[in-house]
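J.: Residues per chain are reported as follows:
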Amino acid sequence: MIVVTGASKGLGRAICERLLEKGSEVFGIARNVEGLPFPSMACDVSSYEQVKAVSQKLKKDGVRITGLINAAGIASMNLAVTTPASVAVNIINVNLLGTIYCCQNFAPLMLRNKAGSIVNFSTIAVALGLKGESIYAASKAGVEGFTRSFAREMADFNVKVNCIAPGPIDTNLLKGITSTQIQNIVSQQIIPKQFTPSAVSDLVEILLDERSSALSGQVLHVGGA
Amino acid sequence: MITKAKHMNPDTAKTEVFTAISALLEDKSIVVTEDLPLIGSDSVLDSMKLVELCLALEDKAADLGFEFDWTSDAAMSKSRSMFRTAGALAVEFLSQMESKK
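Residue numbers (the numbering used here), protein chains in the order written: chain A, 1 to 225; chain B, 226 to 326.
Worth flagging that the hints you see were computed from the coordinates, not collected in a lab. All clues given are correct.
Taking lysine to aspartate or glutamate pairs in the EDC-like style, the calculated list, with each CA pair at most 20 Å apart, reads: (1) A:Lys-52 / B:Glu-292; (2) A:Lys-9 / A:Asp-202; (3) A:Lys-59 / B:Glu-277; (4) A:Lys-60 / B:Asp-288; (5) B:Lys-285 / A:Asp-61.
Label-pair restraints from in silico Cβ distances: (6) B:Asp-288 / A:Asp-170: 50 to 58 Å; (7) A:Arg-31 / B:Asp-236: 41 to 49 Å; (8) B:Glu-251 / A:Asp-170: 48 to 56 Å; (9) B:Pro-262 / A:Pro-37: 46 to 54 Å; (10) A:Ala-53 / B:Glu-251: 31 to 39 Å; (11) B:Asp-294 / A:Ser-213: 27 to 35 Å; (12) A:Glu-49 / B:Glu-283: 13 to 21 Å.
Because the structure is a prediction, the values reported are computed rather than measured. We treat Cβ as the ideally placed atom computed from N, Cα and C, and that holds for glycine.
Construct the entire structure; sequences and hints are all you get.
T.: Written as structure tokens, this is what we have:
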């Protein structure tokens, strides 16, 4: 079973659909799971208690977890000096602490089997230092740092931990960003084109696959940076 | 399904925990005592072995009908961590079992 956070929409939903299409069993986590056509549970990843409750349920049900995709995330494109403190806290809580809480709670379910793959999500904004994304980029830079260290902690248990850092992918996260702004970011990528959720799902598939067993602690930039 | 925890006296709980620790020691000449440190620079277990110990105690707890929580706030702080010594871990294991009765 592969646990996917942020499963109700955007990249998370696209990843769930791809994995289901490929015959994997998926368990989705999102704040609102109403109507999701696969097993799921409502959970706010920024709440340690809620994340722990989901992991305990899966453990009690005897579910064998082989993968964790931490796709839940929020963004707020704004200058740091004009961003309310409450928004900054929320971004850090969901993007950084949410990823950490999920890793803390779901990784033990993989340690026992000495096998598994964890995929965290960063952004190309970290590598490019994009203007107007400083708080979002800070939260994701934290995810990258966490990924590298956590990968070492998990290596003895044959659990790989990697990070995908997409450029502007066409999802609801880009709501409110103009096409000119998107083009400006895309033009800074090594491959200057906007990629789709499908390209990200391809990478997720590779990272879940045994053939990427030599890859851990890495940040993969979609579009290149 | 976890139901009511089975009864175990303090000495038996201590023996179970000490046996689990002993099984993970590479140096078999080490005798597990109450004050044997499990974390910090003097620890006899590396971080991987410590996680393996947690998993072993989790299994033991499941056999006994309760859930052993090794991720609580009390787990890792050196001053009050359940892993500070083998004795402290045995006390915590028993305490969690008693609280689930």
